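Asker: From first to last, the protein sequence lines stand for chains Y and G.
First residue of the first sequence: 1, per the working numbering; consecutive thereafter.
First residue of the second sequence: 1001, per the working numbering; consecutive thereafter.
These aren't lab readings, by the way, just hints derived from the structure by calculation.
Any given hint might turn out to be false.
To be verified - List of simulated lysine-lysine pairs, DSS-like, C-alpha gap at most 27 Å: (1) Y:K68 / Y:K58; (2) G:K1042 / Y:K115; (3) G:K1078 / Y:K69.
Source: prediction; values computed, not measured.
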Amino acid sequence: AQSVTQLGSHVSVSEGALVLLRCNYSSSVPPYLFWYVQYPNQGLQLLLKYTSAATLVKGINGFEAEFKKSETSFHLTKPSAHMSDAAEYFCAVSVGGSSNTGKLIFGQGTTLQVKP
Amino acid sequence: EPEVTQTPSHQVTQMGQEVILRCVPISNHLYFYWYRQILGQKVEFLVSFYNNEISEKSEIFDDQFSVERPDGSNFTLKIRSTKLEDSAMYFCASSEQGRGNTIYFGEGSWLTVV
C-alpha cells in the first residue's frame, strides 16, 4: 500500500536560510508525488508535482523538489526562506487503485516557522 | 484562475443533527473528492466521485455519509446524525482526470459538532 512519511512535524529556519522539508514515500507502482502548502485559514495549494518526467521539479514561490527513487524520497527545498513561507506543508502520493481515481494519501504535515 | 468554492466556511451543529456541506468544483473537471482534516491530524481521503457515482471511498466513509451531484455544478457531502468526532475541516477537491492529475482544493468547511 502507498504511504507517505514526513520527517519532522516542525521545522524552524531563519529568514534567508535554506529550507529543507523531508518526505519519503512507499509505493508499489511508479509514484506520482505532490507537495501542497496550507497557509493559516486557507485551503491546500499545490506547490509542485512529480509525474515521472524530470526528477528535479520546480514549483511556485521558488520551491523545488527532487525525486530520488533509490532513496524513495521527494524532499522539498528552497534556497532562501522568506517570512511569507511560514505555513503547513504536506507531501502526498497519488494512488491509482482499481478505479484510477487518483486519490491522494497525505503525510502528517510539517509546520515551517521562519524567524526574522 | 478557476477555483473550487465551498460553503459554509464554518458551521456549528448539535450532535445528532444532519449537515450538508456544499461545493462547486472547477467547471471542466470530471473527478470530485471530499477529504477531511481533524485538528492536528493529517488530511484524510473520504470519497471520490466520477461519472455520477462513487468511484472509491475510505473506511471512514460509512453509511453516515453520502455525496451527491444534484445538478451540473454542485457537489455535496451529507453527514447524518453527526457525532462529536465528526468535528473537522472538510475539503472539497476536483481534478480534470484521475491519477497523476493535479487535485485542486477548496478552502474548506470547518464543522464543529457540539
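Asker: Of all the hints numbered above, which does this structure not satisfy? Sort the numbers upward.
Answerer: Number 3 - this is the single hint that the structure violates.
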